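Asker: Chain by chain, the residues:
Number of protein chains: 2
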Amino acid sequence: MPLGERGPWDKSESRYCGVETDFSDDVPHLISFNLALGGFDFIVAPLMDPSYRPSLVQKNESVSNVMPVAGSDLVLSPSQWSSHVVGKISSWIDLDSYDDTLRLDSETTLKQEIAWASHLSLQACLIPIPKGASCANYARCVNQILQGLSNMQLWLKIPLVHADDDPEEMKSDCWNDYWELWNSFRLLCEHHSQLYVVLDIPSSLPSENSIGRWFGESVKAVVLNTDCFLTNARGYPCLSRRHQKLISGFFNHSIQIVVSGKALHKLPGGSSGSADLHSNKNVDSVQKHPLRVYLDYVGYLYQKMDPLPEQERFELGYRDFLQSPLQPLMDNLEAQTYETFEKDTVKYLQYQRAVAKALIDRVPDDNASAVTMVLMVVGAGRGPLVRASLQAAEETGRRLKVYAVEKNPNAVVTLHSLVKLEGWENFVTIVSSDMRYWDAPEKADILVSELLGSFGDNELSPECLDGAQRFLKEDGISIPTSYTSFIQPITASKLYNDVKSHKDLVHFETAYVVKLHSVAKLAPSQPVFTFTHPAPSMEIDNRRYKKLNFEIPNDTGSVMVHGFAGYFNAILYQDVHLGIEPSTATPNMFSWFPIFFPLRKPICVQPGSALEVHFWRCVGSTKVWYEWCVASPCPSPVHNTNGRSYWVGL
Amino acid sequence: MPLGERGPWDKSESRYCGVETDFSDDVPHLISFNLALGGFDFIVAPLMDPSYRPSLVQKNESVSNVMPVAGSDLVLSPSQWSSHVVGKISSWIDLDSYDDTLRLDSETTLKQEIAWASHLSLQACLIPIPKGASCANYARCVNQILQGLSNMQLWLKIPLVHADDDPEEMKSDCWNDYWELWNSFRLLCEHHSQLYVVLDIPSSLPSENSIGRWFGESVKAVVLNTDCFLTNARGYPCLSRRHQKLISGFFNHSIQIVVSGKALHKLPGGSSGSADLHSNKNVDSVQKHPLRVYLDYVGYLYQKMDPLPEQERFELGYRDFLQSPLQPLMDNLEAQTYETFEKDTVKYLQYQRAVAKALIDRVPDDNASAVTMVLMVVGAGRGPLVRASLQAAEETGRRLKVYAVEKNPNAVVTLHSLVKLEGWENFVTIVSSDMRYWDAPEKADILVSELLGSFGDNELSPECLDGAQRFLKEDGISIPTSYTSFIQPITASKLYNDVKSHKDLVHFETAYVVKLHSVAKLAPSQPVFTFTHPAPSMEIDNRRYKKLNFEIPNDTGSVMVHGFAGYFNAILYQDVHLGIEPSTATPNMFSWFPIFFPLRKPICVQPGSALEVHFWRCVGSTKVWYEWCVASPCPSPVHNTNGRSYWVGL
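Chains A and B are the protein sequences, given in the same order.
Numbered per the UniProt record's numbering, the first sequence spans residues 1 to 650.
Numbered per the UniProt record's numbering, the second sequence spans residues 1 to 650.
Honestly, the hints are just simulated from the structure, not real lab data.
Mixed in with the good hints there might be a few duds.
If chains are identical, the list can't say which one is meant, so a pair holds when it fits in one copy or spans any two.
[Claimed, not checked] In silico DSS-like links for lysine-lysine, alpha-carbon gap of 25 Å or less: (1) Lys494 with Lys601; (2) Lys503 with Lys601; (3) Lys245 with Lys515; (4) Lys111 with Lys547.
No experiment lies behind these values; they were computed from the predicted model shown.
So that you can see chain A by itself, here it is in the shape it has in the complex (with noise of 0.2 Å):
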């Protein structure tokens, strides 16, 4: 029974909450006990008696032998088995024992149960957290077995803890900082698709920016401990704020809750126990579940999370996907594609602000009625600047002959009709022309364009203004006046290992149009390259380097930088600007989702490391395009040497 509903659009796993049981070999009761009394979606249940070690079954034996695993296959329906149950191994194994016995006993025992599990074709099993200081013979065995796998996840336990001691401490025999354990044993793994962290959730948390580095690992639960509640006036457990907010951000991710441990609450029409059978075996059916007030509880704070905001409902399925960038300057828009941007009215407004500004700034009042300006939109396309610089007109009381200069000859089309239907004929010119190469009848004031992409300059817009500038006026103004582009380091695992899925150098070296969601943002975004039109100079040149260092807060730890999170801020005209640069984006605008430029090997940064960062801008006859590269701590290759895998055509 999932959580709540919180509307048709609400699909996330995080709604369906599980509970972690003790080994019983009557699963149909568990399955009972914790789902239809429970109120639970799934168990994580052992699958095979804890009693068992391989070492002690008699070798001459081992031809009789059956394992001893829960039930047989028959005792649930395979889709009961898929979608209720979650393999929970065996948790006394310890692969990286120096106990040879064990050691061996443990990775027989893994496979088997793995085996025994995917038999079953249960979705997930979860491995339990690795003992002591090193993992490689543990991380060895699950790579072995994910390569054999189908479909099944495996669901590493790892414990949210980060304790802050002295770096000096940190080579003792455990692990301060558990994301590190985590960290060897995926990169053991190499980045394994199908390998998935479980946070154990203590009771006291690490710092903020701690977990944050988590929202961009591939969690798929967590497990919360009763012992992490507290208890309320009346009686019933309840978490801190700090644990809500965490909750919050657990289902704001699609990560699911399982509930775990003894009932530590004694409520008056509940019995204390714990989720397996032992203690229930002759519970009446009116009996509660000793764990459903914690399940009630995850219930409440699911039901009461905001609702997401319209725009946010209609972009989920946007969320860490990547789109290639548009080509706009080598291909024409499609009619849907300008459908969808026409919709953006902030954007609009901020130009028809941009413009009055200008206008009035342009022509006195006392001219008003006396001067006409000459305002280009450049890139017309159906003309939604042409109506926001109009009604910026209207509203200051200027007078405006403005040229609609656009290359599509199939948006021109609409452009005409347009201007039929508002009767805008007097003062308005359609000009079918590539900005770059038209021959304009006279100069202009103004010259409005809207070229930007995620990144500012990686649409052309330089390239185009620098071509329009020819009949812009010595004193004109150019709305935008300037842009920006931003990067930030971020952790995207799910974004990494879809590029890496490609298999090929092309996809590493591109950067994608994505709607960031699964990322944690490691650093305050930084600017990267700044075009100012009209071009100061005579000689205009659009190549730029710039070398950024990024410093991550100490008490994060250290982290996986899987690559860039990249962003504009554009300077429309005076103090109206416009963008997706997190700290100043403008509010309601949805026409750009941040860019996203990969690392072909993900680098990772130890606390007090600085991250060195190189971008470059290339132009050459044809073409233009980043290349970029780490130089600290650790050298990457520098990525996209000449454009080879991804440019953008003049």
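Place chain B on chain A using the hints.
Answerer: The following block gives chain B in isolation, referenced to the frame of chain A:
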């Protein structure tokens, strides 16, 4: 004129010595002066007037502009250009300058000069030492160039300087350890195979360990400045002992010497001056080249090197050449292979000594004529171990009955003729069978085998002998008694690039037999797996797992680990051993080259960091394979999971 002729086998490039010159637009004269008069083999000469700056050239003259290069391509024949001239790129360039004009001028010049050199079909260009603390833009630009270069090499000049300063000070604006600069540069260029180092030799040398790293890097030449030379009693230039040793090391690794600088030794017969023309315009033909005396000294060092031992000369062609290991169990060896190995007299003498000792131990002198020992040679091949065993019997006066067991029917043919030829019919029985399945008519006192690979157990000696020990008496002796594999981390740029050139995963997860030469051994080797015969336990388990920690000496500095060199040592019997582990290697034995386990991505280890490595020997029903990984300082993927790339068939 080469430095010397050490014999017809000497094809080393280090026979050729170059000289660095200043710019001259009379290249033919530059050549004749330095080659005919000076005796050098090639010149390293600037190609472009050093006063050239692209930004100073008027833009409007650009159509008629001619690059200020040294002469036209016609002044030398194509073969002269390519065999006598190495291009020296303008040393003023600084691609990481904060000065935009200088930076862009540098990029333009670098590209123009290399394009010109490429037009002339030069073999290589020397590119200057990066200036300042960053080299990312320089590397990006070189990387762009490398992508489009057909055959020409780029030689990056790097000072052989490693100041053993406080590591705290390493963050200064300059490089304390120039190896780090090289490492950043080549990582940014992704180990490009046409990018080489030219070391600039200082008068004061860093530690042996620090220098040692370079022998695993792709060093093509060294620049030997005249100010490195001391003056001997007769006023002639000479080098310190450490410098002499270093130069010999370069000769040994096919690294060319380039003499550079002003003549600092005024000799009676010559004149001082530099290698360029200016001071020698009107020189008469009897006058000596001012740097000739330095060349003569370099030639003297070349000629006084110890001659290569015959075996080394024979193996010259195998240096750093990757070979797949034999699979003698799955495949039958060819006659030629037997022929080669049978020539290794040292090996068979060790076996003879071991058998002799075993016979003496087992049969007291008093019983020598009364008792007949049963000795079985398992894997008898064409009979060398049968012969060694019989010689041991003769030497000790013991009586022997020999079974020669061999699975290769082709070798059995040879065995039969050997026995007939030698008249051994009465005491040698030939068995054509796989030892694992042979039904022996009696049990053996001594089991002799030589089933060892370069890594000891890698040709499945354990599995074969486990099968054969059925017919060894309870108290019988196996020769060998045990064997142990060893590994050590190495820098091996050439091997890494050769593996990489295959562009697939399989080659990165394969172990290779290779005569290691241009490698740097970074730490003493450590034991990995040991097998003892007869196997002590009833339950034989030939799986193995070993975790190793290597400490790289602090004065080495940072290093790049491209993989691991593997060796073995075998105890034949008591104190008689046989092996290739460097510290205990059997002299003059040539049957085994080391083995090389590559890393998919080389791992950089900083001073003071431990290198933790894990090796597994895995056993399946039809094959045996190794898996390996690095766990620290930075986890690698586990290599060769499930033996997917490299395995030995059972």
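Asker: Now tell me if each hint is right for this structure.
Answerer: Hint check results:
1. For the homomeric pair Lys494 and Lys601, the shortest alpha-carbon distances inside one copy (14 Å) and between copies (22 Å) are both at most 25 Å.
2. When the C-alpha separation of Lys503 and Lys601 is checked against a cutoff of 25 Å, the pair qualifies both within a copy, at 13 Å, and between copies, at 16 Å.
3. With identical chains, the CA atoms of Lys245 and Lys515 are at most 25 Å apart within one copy only, with a shortest distance of 23 Å there and 61 Å across copies.
4. Taking the shortest alpha-carbon separations for Lys111 and Lys547, only the inter-copy value of 22 Å comes in at or below 25 Å, while the best intra-copy value is 48 Å.
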